[in-house]
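Residue numbers (this note's numbering), protein chains in the order written: chain F, 1 to 117; chain Z, 1 to 111.
Hint data in this document are derived by calculation from the structure and do not stem from the laboratory.
What you are looking at is a predicted structure, and each value in this text was computed from that prediction instead of being measured.
Don't take every hint at face value.
[Unchecked claim] Sample of chain Z residues lacking proximity to chain F, with all beta carbon distances greater than 12 Å (derived):
#1 H12
#2 E15
#3 T20
#4 Q64
#5 E67
#6 A68
#7 N71
#8 A78
[As the list claims (entries may be wrong)] Listed next, the stretches of chain Z that the computed footprint assigns to chain F, with coverage defined by at least 3 CB atoms under 8 Å from CB atoms of chain F:
#9 36–45
#10 98–109
[As the list claims (entries may be wrong)] Cβ pair distances, simulated, as ranges:
#11 F:S84 to Z:K108: 21 to 31 Å
#12 F:S69 to Z:V55: 40 to 50 Å
#13 F:T20 to Z:T77: 40 to 50 Å
#14 F:S96 to Z:G1: 15 to 25 Å
Ideal placement from N, C-alpha and C gives every residue a C-beta, glycine not left out.
Next come the chains, spelled out residue by residue.
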Amino acid sequence: NAGVTQTPKFQVLKTGQSMTLQCAQDMNHEYMSWYRQDPGMGLRLIHYSVGAGITDQGEVPNGYNVSRSTTEDFPLRLLSAAPSQTSVYFCASSNSVGTGMSAYGYTFGSGTRLTVV
Amino acid sequence: GQQVMQIPQYQHVQEGEDFTTYCNSSTTLSNIQWYKQRPGGHPVFLIQLVKSGEVKKQKRLTFQFGEAKKNSSLHITATQTTDVGTYFCAGPGAPRLKYIFGTGTRLKVLA
Chain F
1 NAGVTQTPKF
11 QVLKTGQSMT
21 LQCAQDMNHE
31 YMSWYRQDPG
41 MGLRLIHYSV
51 GAGITDQGEV
61 PNGYNVSRST
71 TEDFPLRLLS
81 AAPSQTSVYF
91 CASSNSVGTG
101 MSAYGYTFGS
111 GTRLTVV
Chain Z
1 GQQVMQIPQY
11 QHVQEGEDFT
21 TYCNSSTTLS
31 NIQWYKQRPG
41 GHPVFLIQLV
51 KSGEVKKQKR
61 LTFQFGEAKK
71 NSSLHITATQ
81 TTDVGTYFCA
91 GPGAPRLKYI
101 FGTGTRLKVL
111 A
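So that you can see chain F by itself, here it is in the shape it has in the complex (with noise of 0.2 Å):
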């Protein structure tokens, strides 16, 4: 199994261009979450969807849009990128996170490093 892939690993963008950071899971896992990560602020939650056309908002949604009409897919799209933008990405799946019920926790896709100049 590939697990949660991300794609691109790496990526430069001007301010106000838009762009989507795929994210993809072959464990047939309902819930899945895009995170931020900033130096000093550990990893912030944008947003969440608990299974295929259901997303809600996390901790800092403003200016990023996700979908999931899928099980396996989940993207996340910048709408108008700024520099605040900056940060590592990372997509996480779960079979039952936040229920108690699994023991697994997260799985971790190898995260998308945005610049925006």
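With chain F held as given, fit chain Z onto it using these hints.
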């Protein structure tokens, strides 16, 4: 909103010394998870605690969930250079599927 804080933010230890990181939530947690992130890598799940006062061990790592289920700790005995990385705790927010991560503790082990 819910906050999950960890202390210390950074810790440098000599190889062989013990290390502890503490996690404190502003709200009661139904469960708490711990993750490790190696430098340049992604977070990797270590363990989940569910019961009040629960203690679990993984070799040199000891995890504890507080009686009030608002705090947790990770203790590493006799650190090794392979323990280098950032340790995160995480717990369910409101709604519970909104999983919130702590600020992390970065551990550096000096050989």
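Going down the list of hints, with the structure as the test:
no., hint, result
1, H12, "16 Å, holds"
2, E15, "25 Å, holds"
3, T20, "18 Å, holds"
4, Q64, "17 Å, holds"
5, E67, "17 Å, holds"
6, A68, "17 Å, holds"
7, N71, "17 Å, holds"
8, A78, "25 Å, holds"
9, 36–45, "holds (count 5)"
10, 98–109, "holds (count 7)"
11, F:S84 to Z:K108: 21 to 31 Å, "29 Å, holds"
12, F:S69 to Z:V55: 40 to 50 Å, "43 Å, holds"
13, F:T20 to Z:T77: 40 to 50 Å, "45 Å, holds"
14, F:S96 to Z:G1: 15 to 25 Å, "23 Å, holds"
The structure agrees with every numbered hint stated previously.
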